[in-house]
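There are 2 protein chains.
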Amino acid sequence: MTVGRLKFLIMLALVAAAATATPALTKAVDGPRGTGDLGIIVERAAGRVQIVETTGRTLLARVEGLGDLSHASAVFSRDGRYAFVFGRDGGLSKVDLLTGTLTARVIQAGNSIGGAISQDGALVAVSNYVPGGVKVFSTRTLEPIADIPASYGPDGKLSKVVGLVDAPGQSFVFTLYDAGEIWIADMKDPKTPKIRKFKNVGKLPYDALVTGDGRYYVAGLFGEDGLAMLDLWRPEDGVKRILAGYGRGEKPLPVYKMPHLEGWARAGELLFLPAVGRHEVLVVDPRTWTEVGRIAVHGQPVFAVARPDGRQVWVNFAHPLNDIVQVIDVPTLKVIHEFKPGKAVLHLEFTPRGEQVWISVRDADRVDVYDTRTFAPLVSLDVEKPSGIFLAARAHRIGL
Amino acid sequence: MTVGRLKFLIMLALVAAAATATPALTKAVDGPRGTGDLGIIVERAAGRVQIVETTGRTLLARVEGLGDLSHASAVFSRDGRYAFVFGRDGGLSKVDLLTGTLTARVIQAGNSIGGAISQDGALVAVSNYVPGGVKVFSTRTLEPIADIPASYGPDGKLSKVVGLVDAPGQSFVFTLYDAGEIWIADMKDPKTPKIRKFKNVGKLPYDALVTGDGRYYVAGLFGEDGLAMLDLWRPEDGVKRILAGYGRGEKPLPVYKMPHLEGWARAGELLFLPAVGRHEVLVVDPRTWTEVGRIAVHGQPVFAVARPDGRQVWVNFAHPLNDIVQVIDVPTLKVIHEFKPGKAVLHLEFTPRGEQVWISVRDADRVDVYDTRTFAPLVSLDVEKPSGIFLAARAHRIGL
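Chains as they are written, first to last, in my numbering: chain A, 1070 to 1469; chain B, 1070 to 1469.
Keep in mind that the hints were calculated from the coordinates and are not lab data.
For clarity, every value in this text was computed on a predicted model and none was experimentally measured.
A few of these clues could be false.
If chains are identical, the list can't say which one is meant, so a pair holds when it fits in one copy or spans any two.
Derived lysine-lysine pairs resembling DSS-like cross-links, with alpha carbons at most 30 Å apart [unchecked claim]:
#, residue 1, residue 2
1, K1326, K1257
2, K1263, K1226
3, K1263, K1403
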């Protein structure tokens, strides 16, 4: 046995000893295993995530100490082993899905919302409200790499940043809420990002998404109707206004929750968008960015998520109608199924080939898994006040 | 320390001892690691695969004893840990990417070509020439689950089977070369597949693909021009003929190699197809399945593969012009880059977010990795007569 081999065994013994010291760890470290079927569920109130696997559909381990996980989201390392969890309190946590441990954690700002991982997997970026800007860290160590303050206007005030995504060509794209600007940060030289700014994109852009191919970046506007769209293949064309009717309208309706733009679904040759305030899902032709239909649904939609094959779009709703999930059939544009998982359905996540969907039912302390072909429930898992569900296969998708 | 923990350590020690006994195993088992950045390269002549990782871009281990790997391909388990390698000699091999070992192997037919994994990951299917048909195995054990002989006509002869893919709804779709039929096998009850047959689809269908959303199954015809297309969302509409001009034409050109249909690239709102016999890549509108353009290229294209963001299509060529790779820019439909990796460029594989491409250069015994943004070479790896390159992220894609 070589010295390297001996070191390896000692290291493994240490891992095993650490696992023994943490009773919450159960199945996560029991021998080598693949990471492609792993994921995390956020237990918001407890500041904790549950590590899950989608083959046997079981809970593997709990990882504690992640701080304020309101509105938390996550991205994954390119090898699928680590989740980077973005908390609301400025915390950035690196969770090892294989050992079920918190590998590293930094409080990198006072108030933050979401983040992204670079195309090459080396950088993780966080969008911050306070202080307004984007901070970039090494995915290996969480050491700081770059700081991009979102200063704008003549006196250089800092804007809240929202809608941070990765895009092809090793760049991050994000939106300045207070400034009404969209910035592209080229991270090829990670310590000195090259910033390209687009000003006057619209009033109070509150969230944004990038399409699955990384081409179109679209920001929703809280201060006016319509959406701001930037074609990242032709940034020289600037930001254009699309879907002028998208928003609260001239006579604003009560809006219980602004819909998540990440919930936009590309299915077949169409896009499906949660309407703002209305009990409708909008159908858009992405070639022309025009509305081609509306589908009446149960409440104000929050997420409209396409099954990975694009044949169905699953929709959840804002309070107080948030106990229902509806399924839209894409060929006929009709609601073909409806069921009631329970109060506060907060999130939906499909397995990457689409055979299962995982649904958070916060007030019932349950995550339910369904067969998407038959709509039959497969299993209910006990999870404390679950919110976001994020599967590691996201590691391989642009913009997620 | 519990008994379970002790067993765990003993098991790990055994794994380590096994690794010590097999010098070809190097980095593959050194501690826990994610599987999202792993893959295999087929060393055809040696009956072997190399396990690789795309983060550090290194070779991890060799796995021997896989038989005749001419035209070999692979699919991956849903956890990304195992590759199922389909050899030409009827061999089906299960390779553990983490330990670098051959876990199981069966000779399941006399002559076979390719296979598929079911949507739920439980079944692996192989398409056989001799005896003609499809055999289905457990991905866990490689035990036989179902046998689907491809019998046709009044006397029940067996047809060679080609173009086997998985499709949503736990089904396999495949084509009977001699019979000119397409079959859908619903595997919901795995031991008793329900078969739906489509007859008279065209003369000598030699290969097929399913689109990335699992909706359209398209078979190429060796015996006549045009392609046979089945809309799996509307199988009741039957098989239709599309692209009547696709093929060798009325006055057949010399064809050095029929192009691979899996090489079809969806990029932006267009499809790119290698022409048959001509030095052209065809551009098709997938909404109407009509040709909308042709791009002149260096030789007879074999694979036309889209970078995952769809902004470029990379093309390799048939003998004797097979030392060149060209890159098509999708917005302008022009060749914007050309380079010469060396004799016999056999295959191209992009990392899932598209920042790297891995290229097999058979006669130079090299796999070259390039940065797709700058076209700069990143590394050359010594691989013996490399052919197919398959990355584990395919586990999460429909039809791959």
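Against the structure, the hints:
For a Cα distance limit of 30 Å, the shortest separation of K1326 from K1257 qualifies neither inside one copy, at 37 Å, nor across copies, at 40 Å. In this assembly of identical chains, the alpha carbons of K1263 and K1226 lie at most 30 Å apart only when taken from the same copy (20 Å versus 66 Å across copies). Within a single copy, K1263 and K1403 get their C-alpha atoms only as close as 46 Å, which misses the 30 Å cut-off; across copies the closest is 28 Å, which meets it.
Going through the hint list in order, the structure does not satisfy hint 1, though it satisfies all others.
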